[in-house]
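Participant: Chains B and X supply the protein sequences, listed in that same order.
Mapped onto this note's numbering, the consecutive letters of the first sequence carry residue numbers 1 to 484.
Mapped onto this note's numbering, the consecutive letters of the second sequence carry residue numbers 1 to 484.
Each hint should be verified, as a subset may be incorrect.
Each pair may be met inside one copy or between any two copies, as identical chains are not told apart.
[What the hints assert, rightly or not] SDA-like mimics (lysine to any residue), calculated; alpha carbons at most 25 angstroms apart, straight line:
| id | residue 1 | residue 2 |
| --- | --- | --- |
| 1 | K6 | D443 |
| 2 | K324 | K339 |
| 3 | K393 | G153 |
| 4 | K393 | L39 |
| 5 | K324 | R451 |
| 6 | K484 | E81 |
| 7 | K94 | D7 |
| 8 | K274 | E323 |
| 9 | K393 | M66 |
| 10 | K378 | G302 |
| 11 | K408 | E81 |
| 12 | K42 | L395 |
| 13 | K378 | F228 |
| 14 | K94 | L39 |
| 15 | K416 | T235 |
| 16 | K324 | A272 |
| 17 | K331 | R253 |
| 18 | K339 | R253 |
| 19 | K6 | F228 |
| 20 | K413 | E203 |
| 21 | K393 | D207 |
| 22 | K484 | D210 |
For the record, the hints were derived by calculation from the structure and aren't laboratory data.
Number of protein chains: 2
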Amino acid sequence: MNNVTKDSWRHLFSPATVAVIGASNTAGSWGNNALRGLLNNKERRVYPVNPNSPEVVGIKAYRSIMDIPDAIDLAVIVVAERIVPGVMRQCVAKGVKSAIIITSGFGEMGDEGRKLEREVADIARQGGIRFIGPNSMGHADTRSQLSTFGQFGEMPKGEVAVLAQSGSTCLKIVRSLTESGIALGKYVSTGNEADLITEDYLEYLADDDDTKIIALYVEGLRDGRRFFNLAKKITPRKPIVVVKVGGTEESARAVMSHTGALAGADAVYTAAFKQSGVIRVEDDDELCDVVYALLNSPLPRGNRAGILSIGGGPGALAAEACEKEGLAIGKLEESTITKLDGLLSSRWPRRNPVDMAGPSAAEISVVSSLLFAMMEDKNLDFILLLAPLIMDKSLLAGRLGLGPEAIKAYREKEAKNIALIREKVEAYEKPVVMMWQWRGFSDPEITGLFRQGRFIVCSNARRAARVLRYLVWYRHYLDVIAGK
Amino acid sequence: MNNVTKDSWRHLFSPATVAVIGASNTAGSWGNNALRGLLNNKERRVYPVNPNSPEVVGIKAYRSIMDIPDAIDLAVIVVAERIVPGVMRQCVAKGVKSAIIITSGFGEMGDEGRKLEREVADIARQGGIRFIGPNSMGHADTRSQLSTFGQFGEMPKGEVAVLAQSGSTCLKIVRSLTESGIALGKYVSTGNEADLITEDYLEYLADDDDTKIIALYVEGLRDGRRFFNLAKKITPRKPIVVVKVGGTEESARAVMSHTGALAGADAVYTAAFKQSGVIRVEDDDELCDVVYALLNSPLPRGNRAGILSIGGGPGALAAEACEKEGLAIGKLEESTITKLDGLLSSRWPRRNPVDMAGPSAAEISVVSSLLFAMMEDKNLDFILLLAPLIMDKSLLAGRLGLGPEAIKAYREKEAKNIALIREKVEAYEKPVVMMWQWRGFSDPEITGLFRQGRFIVCSNARRAARVLRYLVWYRHYLDVIAGK
């Protein structure tokens, strides 16, 4: 494939006119969802095509795309697979610029389907139409407020691009990121990749100024060499985070019957990802954790953890999790020990992990002073924080007996504190990962404060250690290629 | 130690009278929290002891425990460490039956602290007082509504006991379990174990009818031989789930400075846990997952996963996660394939993982029929379900356009369906793990329906695979010792 023009990308991601071929009045159907989702953007001219219905969701429908009295930038194809070739021929005749085929039942179905898929691809190529799919669940661009996924409501504009060779996984990643407060730029369920392949999208995103981070779900690559050459050029400027499945026997088989992709030897992929600076994570949850961290945190200078814990047990668990992930537990500088001696009771163990030795709820204001002292320590590259920086309402009102006014004042102090920590995170290039979770992870007031401070928040030490391992590795890669 | 009498346990876990020595008016302090928590149970007679204040939280306080005009079953000691020996002497003189020492600054502090700890233990032993701690964060019994942790409000009564050699970790486990809807029986932060040790509690819980599952956080064992002999006797009747830290260099050091316990060689522990049927998990989150599953699910007969997924990507990720944890992907029986052919479009891959090949939201009612077919398959021992069984409100109201009455009727149908699945889970001894998570994990109506059906719900395939691996292992252990 290759050589996709700028115009093609523009028509795919910000078309002025869209035809939905197979638009349907049936609630919950693909042809209904896609159409209704597209109607979010009032500026765009959207034309339903349905031979059996004069109107779809209250909008005049056309019997065929040929009847639409407007040029069409993007055709969204949602009809039965056997009539897709005919529809594609009509699109060519109509002069349609680009298409997305949501219909499935092609290459993933074996020989018959592969034949049908080739037929459609040949028609499109000869007619100059570049297309996504088939067997795609949709694509989206938040800048142009385009989504063929059947999403409703305004999409916040962001700088993360997601490419996934599985529609369900694409949506799952998109939703997880969104729930973490991350806005996306573009996302594509690439489907069977009969025309546009992952490598094409990657090449496009390489120079797309709106994209700062690229997240990928990969089952198999059509042109591995091209992928890794591209990746090598991109990763010094933009991180690429990948989940690649097919590493075990059954997952490889599942992949084959899913998108028809060959999974390939896992060890080869692992080595190639490593050499080209691609951060390979284990599953979609880790992908989201790492994207969040890359977007919201500097990369640590090294692999030495500082652990600050309100109790000994959580500190020991965190130390174990770090070491299992190949991170080191930094040795505190003497000056840090002196500083902490001034802040903690004589019961603290005077070593890392720093166990605060159980201060009561009334004493947690000391946590940020401890954190600052540890951030200043030259032997620590990042901090895992297992202690509260923010008190939840039940503590403030219940145990401390504060009234509404006093709680408000307390919150303001906390917000200032978090902003201050953020400044130090940037200045020292030391990520802080928050793991205090007894309460508050579900309190929007508290999560809101952490989001303002762009804190990495993990529910679990192992998850935190894995995120940091990836950040450490990527920083190391960048340092090596920069000759540091 | 050993030979703790029934009376001692009764005084510790359901005392009629409690003295809080070091009760305090300072909001948020240990001596304030413990006292206020104890006042939850109105039947119990609670006496604050504070030499400087005639009243604590509005209750008459005594200058010394000697002044209390009542016999005391349990003394809660929250005074500075240097005066603990004197207080313990007074407890002996007063004829106190049992105690818990929350005060820290003992064995975990090195030689000086160890000396002080031994002094206190000697006084108690000579005076016939059995005690928890020192350096404990509290203990609780939900049947007698006793808590020295400073928890407020009624505690639901359950059948899970938690023992933890870290107070913070104890509370974290208790809170995680509670948030999953699990009621606890007893829990103890065992502290430095100067008198009562983990092995003593275990011996007690072995024959405690209120305890069905035992969850432990262990840093080190004082009497490993006794522990494993006990465990061997207990695990055929009651599962024991353990997190044991100290497996890496730094975590071992952290453990030593925390409770003064020696972590010991990890490989020895691993082998001993295995031989005695103890389920050893990796961290506190896994502990909670496994306790939930043991409480709410039968054990699977074997290690063969069935995977039912709404999309190919999530199915492939789940297959990979299972295989990485040593689980197998079952081969579907021909009869199952025939059944599924009748339920799915020709696009489904006709193999496990069963990819539903993207039905629209309107078609999800087919999921339970597919699930039933897979549960009947003799080649599958448990099912991972990556597809919705319950529709969230926004789908019902938005995409399907249902009104409030129709939504109510739909919910009733769903509840019946979940009850039916539950019946089959029991009848076939096939756990079903739900991993559909795009929405609804935070909707109390939906989580409520799953709780009613006692579903195992995991946010992530790796987490699900690990839980199942532990269940499979435990079932295998039980089969082997039963000579099956």
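Participant: Give a verdict on every hint.
Facilitator: Hints and how they fare:
Taking the shortest Cα distances, K6 and D443 never come within 25 angstroms of each other, neither inside one copy (45 angstroms) nor across copies (43 angstroms). Taking the closest pair of Cα atoms, K324 and K339 never come within 25 angstroms of each other, the shortest separation being 29 angstroms inside a single copy and 45 angstroms across copies. For the identical chains of this complex, K393 and G153 are inter-copy neighbours only, at 16 angstroms across copies versus 32 angstroms inside a copy, given an alpha-carbon limit of 25 angstroms. For the homomeric pair K393 and L39, the shortest alpha-carbon distance between copies (22 angstroms) is at most 25 angstroms, but the shortest distance inside one copy (42 angstroms) is not.
Proximity of K324 to R451 under the C-alpha cut-off of 25 angstroms is found in neither arrangement, the shortest distances being 29 angstroms within a copy and 34 angstroms between copies. Taking the closest pair of Cα atoms, K484 and E81 never come within 25 angstroms of each other, the shortest separation being 54 angstroms inside a single copy and 52 angstroms across copies. Taking the shortest Cα distances, K94 and D7 sit within 25 angstroms of each other inside one copy (17 angstroms), while across copies they are farther apart (90 angstroms). Proximity of K274 and E323 under a CA criterion of 25 angstroms is satisfied in both settings, with 21 angstroms inside one chain copy and 23 angstroms between copies.
For the homomeric pair K393 and M66, neither the shortest alpha-carbon distance inside one copy (62 angstroms) nor that between copies (39 angstroms) is at most 25 angstroms. In the homo-oligomer, the alpha carbons of K378 and G302 lie at most 25 angstroms apart inside one protomer (11 angstroms), although the nearest pairing across protomers, at 52 angstroms, exceeds that limit. With identical chains, the CA atoms of K408 and E81 are never at most 25 angstroms apart, being 60 angstroms at best within one copy and 37 angstroms at best between copies. For a Cα distance limit of 25 angstroms, the shortest separation of K42 from L395 across copies, 23 angstroms, qualifies, whereas the shortest one inside one copy, 47 angstroms, does not.
Taking CA atoms no more than 25 angstroms apart as the test, K378 paired with F228 passes in neither setting, with 36 angstroms inside one copy and 44 angstroms between copies. In this assembly of identical chains, the alpha carbons of K94 and L39 lie at most 25 angstroms apart only when taken from the same copy (22 angstroms versus 80 angstroms across copies). When the C-alpha separation of K416 and T235 is checked against a cutoff of 25 angstroms, the pair qualifies neither within a copy, at 35 angstroms, nor between copies, at 52 angstroms. Proximity of K324 to A272 under the C-alpha cut-off of 25 angstroms is found in both arrangements, the shortest distances being 24 angstroms within a copy and 21 angstroms between copies.
Proximity of K331 and R253 under a CA criterion of 25 angstroms is satisfied inter-copy only: 12 angstroms between copies versus 47 angstroms inside one chain copy. For the identical chains of this complex, K339 and R253 are inter-copy neighbours only, at 22 angstroms across copies versus 57 angstroms inside a copy, given an alpha-carbon limit of 25 angstroms. For the identical chains of this complex, K6 and F228 are intra-copy neighbours only, at 22 angstroms inside a copy versus 69 angstroms across copies, given an alpha-carbon limit of 25 angstroms. Taking the closest pair of Cα atoms, K413 and E203 never come within 25 angstroms of each other, the shortest separation being 46 angstroms inside a single copy and 49 angstroms across copies.
Taking the closest pair of Cα atoms, K393 and D207 never come within 25 angstroms of each other, the shortest separation being 47 angstroms inside a single copy and 41 angstroms across copies. For the homomeric pair K484 and D210, neither the shortest alpha-carbon distance inside one copy (29 angstroms) nor that between copies (62 angstroms) is at most 25 angstroms.
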